[in-house]
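**Student:** Chain residues, written in single-letter form:
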Amino acid sequence: MPTQKSHETPAVGLTESDADYGFFFDQSQCTGCKACQVACIDKHDLPLGVMWRRVAEYSGGSWSQSGNTVMPNVFTYYTSMACNHCEDPICMKVCPTTAMSQRPDGTVYVENDKCVGCRYCEWACPYSAPQFNAETGHMTKCDLCFDYRSEGLEPACVAACPSRALDWGPIDELRAEHGDEDGIAPLPDPSITKPHLVIEPHRDAQQWDHATGHIANPEEI
Amino acid sequence: MNLHDVPMVLFTVVTQMSVGTFIALGVIQLLARHRDLTTTERVISPVLYAVGPALVFGLAVSMLHMNDVTHVFNVIRHWDSSWLSREILFGVAFGAFGFGFALLEWFGAGSRALRQTIAIVTAVLGIGLVWSQAMVYYSLVTVPAWHTWAVPVQFFTTTVLLGVLAVGGAMMVTAQVRAKRAAADLADPSEAPSDVAAPPEQPAGSGGGLAVLVRSRIREINAPSTGAEWTLTARVLKGIAVVGSVAAITILVVYPLYLGQLGQGDAAAQTSAAVFSGTMFWLRLVLTGLTAVLLGFFVYRMAESTMPTRSRLLADLVLLCLLLAVVGELLGRALHYSAMTRVGM
Chain A
1 MPTQKSHETP
11 AVGLTESDAD
21 YGFFFDQSQC
31 TGCKACQVAC
41 IDKHDLPLGV
51 MWRRVAEYSG
61 GSWSQSGNTV
71 MPNVFTYYTS
81 MACNHCEDPI
91 CMKVCPTTAM
101 SQRPDGTVYV
111 ENDKCVGCRY
121 CEWACPYSAP
131 QFNAETGHMT
141 KCDLCFDYRS
151 EGLEPACVAA
161 CPSRALDWGP
171 IDELRAEHGD
181 EDGIAPLPDP
191 SITKPHLVIE
201 PHRDAQQWDH
211 ATGHIANPEE
221 I
Chain B
1 MNLHDVPMVL
11 FTVVTQMSVG
21 TFIALGVIQL
31 LARHRDLTTT
41 ERVISPVLYA
51 VGPALVFGLA
61 VSMLHMNDVT
71 HVFNVIRHWD
81 SSWLSREILF
91 GVAFGAFGFG
101 FALLEWFGAG
111 SRALRQTIAI
121 VTAVLGIGLV
131 WSQAMVYYSL
141 VTVPAWHTWA
151 VPVQFFTTTV
161 LLGVLAVGGA
171 MMVTAQVRAK
181 RAAADLADPS
191 EAPSDVAAPP
201 EQPAGSGGGL
211 AVLVRSRIRE
221 INAPSTGAEW
231 TLTARVLKGI
241 AVVGSVAAIT
251 ILVVYPLYLG
261 QLGQGDAAAQ
271 TSAAVFSGTM
281 FWLRLVLTGL
291 TAVLLGFFVY
301 RMAESTMPTR
311 SRLLADLVLL
321 CLLLAVVGEL
331 LGRALHYSAM
341 TRVGM
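Protein sequence lines correspond, in order, to chains A and B. Note that this note's numbering has the first sequence beginning at 1, numbered continuously upward. Note that this note's numbering has the second sequence beginning at 1, numbered continuously upward.
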């Protein structure tokens, strides 16, 4: 087999302690096809409306005039977002029951037998990672496909991306390889939760604190 | 306004009213301590018994926004990090101590010092409850409309306004009941108890000792007011008018400052600011403004000159203020929840 990197990771070592796993998202490659979102819903058999991974379309633009010529300058780019298994998970901090917990490998998950479904974590998380499942009355969220990883498989969203725009791994390795960008609009100030996320920005990407656009598909995310 | 916010709107407003009422009673007792104790207790103790049911109601509706009640005892596990856990702990502790205090007062049990200590602890727990309720919202740094000094200020002004008005309302209702009793006694003096503390005659078919005790206590509470009691009631009412109108004006002053701050914030903050417009917001402002005017001018003036036998209009006016303030605060709290817009996606 060819020497493709993490997609061929060996069966052991995908849930290692202190690995602090996170996601890499290549925004310049994303076409907004939502295969990652669909793969996630399918893998976890999520009910209608519960989406652990969502794809936001961020649009904006302006125009300039020189003489009689009006030049439009518009942009749109996609952001595929699940849980970033943050360094400072605000969901865990505010949860009254300690149901929102962290595995030794750094991934954040919901302990089902503790959750009361008060939805306080949903208010707190700036990435909309915790999602309420009305069927169970509990919160649910991305656990970076813990069951798949235990069997040596990759997270479903990463495996499904046709553009290879998604990857995952220990955050230190991802940062060494791709840099440390994690504050592209519509994402919030990364210092709030310190997400385990690295983004390769789209050419028109805007920083969170200099954002001029808006989310064009709010009803889809 | 969203329907799923209703339990939280009711819970926060009602518990804050309970806390405010309890503390207002304590302050009145403290200020009136140089007067004779019976008069003070006769004026304020009936109010105390109205706090309990209100708080129980408040805590009960708070259960409605949990989606899995079977796990409810987990909610105190994270007391060392989550303000939501702390809010619940303070709420339960305030309720338990308040209930204990009301029981002791009702049966006149325990020493005076013991009762006072319990009352002080209850008041501190109440302040802790309102503070932790405010911090539940303030601590969400991801929600600009909540992560602001305005939230604790608003929660405490609700506490003060509704607290003093609930005391005023309950006091005036008691005064009406007592006035009616006095009129009845005047019409048929044989029914009048010669002494309030006299042991009640046992009617046929009554329950055990406890039922007798409760009945005699109710009779004691409803016995006609003395002149000294009315003087104290009128004085307390003037204080309530002043404190209440100051609280209402504070609520009105906070809004422009708060909205100015939101207007200068990021996109999420500006989305939140837009919630404070339209009929509901204006109704909230008008009701609160009306409460301030009625309290500051009419209630204060009337409390100065009204005779106990003609206190009906004054009582109605105080109850009207209570109603306006409660509706105003409920609308204000509903707006607080509607303003929730988070940063990020």
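Honestly, I wouldn't trust all of these hints.
Restraint-style ranges between C-beta atoms, simulated for each label pair [stated by the list, open to error]:
1. A/T136 / B/D80: 41 to 51 Å
2. A/T76 / B/W282: 57 to 67 Å
3. B/A274 / A/T136: 31 to 41 Å
4. A/F75 / B/A274: 48 to 58 Å
5. A/P72 / B/F73: 39 to 49 Å
6. B/W149 / A/P72: 39 to 49 Å
7. B/T279 / A/K194: 48 to 58 Å
Computed footprint of chain B on chain A; a stretch qualifies when at least three of its residues, placed anywhere within it, have a C-beta under 8 Å from a C-beta of chain B [what the hints assert, rightly or not]:
8. 32-45
9. 124-134
10. 161-172
Think of the hints as simulated: they come from the structure by calculation, not from any bench. Beta carbons: idealized from backbone N, C-alpha and C, even for Gly.
**Student:** Taking the hints in turn, state whether each one holds.
**Tutor:** Hint check results:
no.: 1; hint: A/T136 / B/D80: 41 to 51 Å; result: violated, 27 Å
no.: 2; hint: A/T76 / B/W282: 57 to 67 Å; result: violated, 39 Å
no.: 3; hint: B/A274 / A/T136: 31 to 41 Å; result: holds, 35 Å
no.: 4; hint: A/F75 / B/A274: 48 to 58 Å; result: violated, 25 Å
no.: 5; hint: A/P72 / B/F73: 39 to 49 Å; result: violated, 59 Å
no.: 6; hint: B/W149 / A/P72: 39 to 49 Å; result: holds, 43 Å
no.: 7; hint: B/T279 / A/K194: 48 to 58 Å; result: violated, 43 Å
no.: 8; hint: 32-45; result: violated (count 0)
no.: 9; hint: 124-134; result: holds (count 7)
no.: 10; hint: 161-172; result: violated (count 0)
The structure is inconsistent with the numbered hints 1, 2, 4, 5, 7, 8, 10, although it conforms to all the rest.
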